[in-house]
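K.L.:
Each residue of the sequence shown is one higher than the one before, starting from 11 at the first, in this note's numbering.
Just so you know, these hints were derived from the structure itself, not from any lab.
Computed from a prediction, not measured in an experiment: that's the story for all the values here.
Just to be clear, a hint being listed does not mean it is correct.
[Claimed, not checked] Mimicking PhoX-like on lysine-lysine, the simulated pairs with C-alpha atoms at most 25 Å apart in a straight line are:
(1) K269 / K307
(2) K159 / K216
(3) K416 / K454
(4) K433 / K308
(5) K357 / K124
(6) K269 / K253
(7) K420 / K454
(8) K551 / K101
(9) K454 / K434
(10) K307 / K251
(11) K511 / K434
(12) K124 / K101
(13) K426 / K416
(14) K216 / K86
(15) K124 / K106
(16) K258 / K101
(17) K258 / K302
(18) K245 / K258
(19) K367 / K302
(20) K251 / K272
(21) K272 / K302
(22) K454 / K87
(23) K251 / K308
(24) K357 / K216
(25) K497 / K420
(26) K258 / K269
(27) K106 / K223
(28) K308 / K223
(29) K307 / K367
(30) K226 / K306
(31) K430 / K497
(32) K124 / K89
(33) K223 / K245
(34) K255 / K269
(35) K124 / K87
[Claimed, not checked] Using C-beta positions, here's what the derived DEER-type ranges look like:
(36) S119 / L544: 30 to 38 Å
(37) V376 / K302: 42 to 50 Å
(38) V376 / Y167: 20 to 28 Å
(39) K87 / E185: 37 to 45 Å
Ideal placement from N, C-alpha and C gives every residue a C-beta, glycine not left out.
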Amino acid sequence: MDSEFNISKLTVTAKNFVNEMCHGLEPWEIILCTFVTMSLIFYLTLWLEDMYRDGISQRFWYFLRQLPFVKQSIEKKMKSSSDQVENELLKGLENKVFLRKIPETRWNSEDILKEIGKYLSFGRYSWQEGYVSGAVYPGNDESLKLLMKNVYGETGYTNPLHPDVFPGIRVMEAEIIQMVSSLFNAPQAVGTVTSGGTESIFLACKAYRDYAKFEKGIKNPNMVIPVTAHAAFDKAAQILKVKVKHVKFDPLTTKVDLKAMKNAVDRNTCMIVGSAPAFPHGSIDPIEEIAKLGLKKKIPVHVDACLGGFLLPFMERAGFIVPAFDFSVPGVTSISVDTHKYAFAPKGSSIILYRDKIYRHYQFSVQPDWPGGIYGTPNLSGSRSGGVIATCWASLLYHGEDIYIKSTQKIISVTKYIEKGLKKIDHIFVYGCPEVSVIAIGSKSFDIYRLSSTLTERGWNLNILQFPAGFHICITMQHTYEGVADKFLTDIEQCTAEIMKNPSLPTSGTAAIYGMAQQIPDRSLVSELVWAYLDACYSIKNPEVENGIVK
């Protein structure tokens, strides 16, 4: 009774307050005040959402950069860094005459092939000899190259957008999905062939966003992903307008912090992600525990196996221990796997697999009311080259499980050999516990970017990491050839010993930009540095030369 009396009393008080505030106002004034107040609340909410999404600190740095003297100083330094990046990319092209117009008369085939040979000689890194991390995954198999050349020559102009015109390509894609899904303990899984890991990841994000919207009524979805998950998830989130909740990783294991992941999941979470392995440090997230979380919360769980997808299924048969990560784990609803990595297919092919057809339906894009006809596509692309599908299909048949097992045995053995050797070298350490083919290196004694830069001078091309600082090498078939692993270890040992003669010296060259970027609080400046790099990738001007040296 007391509570009812209090509620009644509060209601009367509120009513009297409103009546008093509106006393003497005409109806139109009340309506106008209400409209203005609600508009202010609406725009204030949008502003607060922007502040929350972008971060108060980023807003602060943005306004600070608008100050004239700050802006001028930043522009000067950005110009210097941009020029440095561009000239680095243009090294070796000082005397190149670039093509800027379509030739008025056709070139003959021999001249074109000769010119292609020249272009392929521009590179400074001996990837065929194992000096490059990742990038090119198959060995120097001339028979494979010839097969891929012939297969693409026969199928390059076919288009799976027209399955009635090219039924053979349609069948090949369906067979690829069946063959790959059987590797991941779900022969009844469904999926599509995509253009690469980024598209596979994007499509999974799109499928789960739409599934959450139409099946669960979630209007403001978020995805919960390890901070070490591939950047393609962030790219997808930007385009799809899905909020990203990044989860920290355990600094000792480099695996995602499960407790933090559980705390990040809420009623608007449309997907949870685990990596097998994660690109930066090569560790496999605890997929079984993540899947249990997904089952408990009734949220789809995606496993990104783009990097390790054609090693992990063969590791046990190659004599190595591998944690459960695929559809054998209840709760795992999708897997992305790149066939253009360790399946040794040409670049441009990846697979997205789903446990249930309902998820793939939300991946599809359908426009039923287009005047051009009812239009539907499984992927982002409309037209695709059937040659990519055919070469992927041919690569699976050419290698077979027996060759994949043997290549896995070689690659994992070399990875473990290098890891063991690195742990014997003073003043550096290996991040976490590499479980597949990636080994990440750091140092507490000197700036690790100095070691990366020194190795670059010796012809190595490695992947630089940040937060924390480091670099990694991704082992491919190129590194399994005799002497390559020992050469890598010897160079690291020698370079480290040289650095330790004066460990406090600053880093120089392109690696120094990474060191600088890691310390810049305004991350939009780092983005602009990346813009400069990407712009430079499209530059065909001759580099600036002074006294015979590229500036």
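K.L.:
Does each hint hold? Answer for all of them.
P.N.:
So, going through the hints one by one against the coordinates:
| no. | hint | in the structure |
| --- | --- | --- |
| 1 | K269 / K307 | holds, 15 Å |
| 2 | K159 / K216 | violated, 34 Å |
| 3 | K416 / K454 | violated, 37 Å |
| 4 | K433 / K308 | violated, 42 Å |
| 5 | K357 / K124 | holds, 23 Å |
| 6 | K269 / K253 | holds, 20 Å |
| 7 | K420 / K454 | violated, 31 Å |
| 8 | K551 / K101 | holds, 11 Å |
| 9 | K454 / K434 | holds, 15 Å |
| 10 | K307 / K251 | holds, 22 Å |
| 11 | K511 / K434 | holds, 19 Å |
| 12 | K124 / K101 | holds, 22 Å |
| 13 | K426 / K416 | holds, 16 Å |
| 14 | K216 / K86 | violated, 40 Å |
| 15 | K124 / K106 | holds, 15 Å |
| 16 | K258 / K101 | violated, 39 Å |
| 17 | K258 / K302 | holds, 19 Å |
| 18 | K245 / K258 | holds, 19 Å |
| 19 | K367 / K302 | holds, 21 Å |
| 20 | K251 / K272 | holds, 22 Å |
| 21 | K272 / K302 | holds, 11 Å |
| 22 | K454 / K87 | violated, 29 Å |
| 23 | K251 / K308 | holds, 22 Å |
| 24 | K357 / K216 | holds, 23 Å |
| 25 | K497 / K420 | holds, 17 Å |
| 26 | K258 / K269 | holds, 10 Å |
| 27 | K106 / K223 | violated, 53 Å |
| 28 | K308 / K223 | holds, 14 Å |
| 29 | K307 / K367 | holds, 20 Å |
| 30 | K226 / K306 | holds, 16 Å |
| 31 | K430 / K497 | holds, 14 Å |
| 32 | K124 / K89 | violated, 37 Å |
| 33 | K223 / K245 | holds, 20 Å |
| 34 | K255 / K269 | holds, 14 Å |
| 35 | K124 / K87 | violated, 41 Å |
| 36 | S119 / L544: 30 to 38 Å | holds, 33 Å |
| 37 | V376 / K302: 42 to 50 Å | violated, 34 Å |
| 38 | V376 / Y167: 20 to 28 Å | holds, 26 Å |
| 39 | K87 / E185: 37 to 45 Å | violated, 54 Å |
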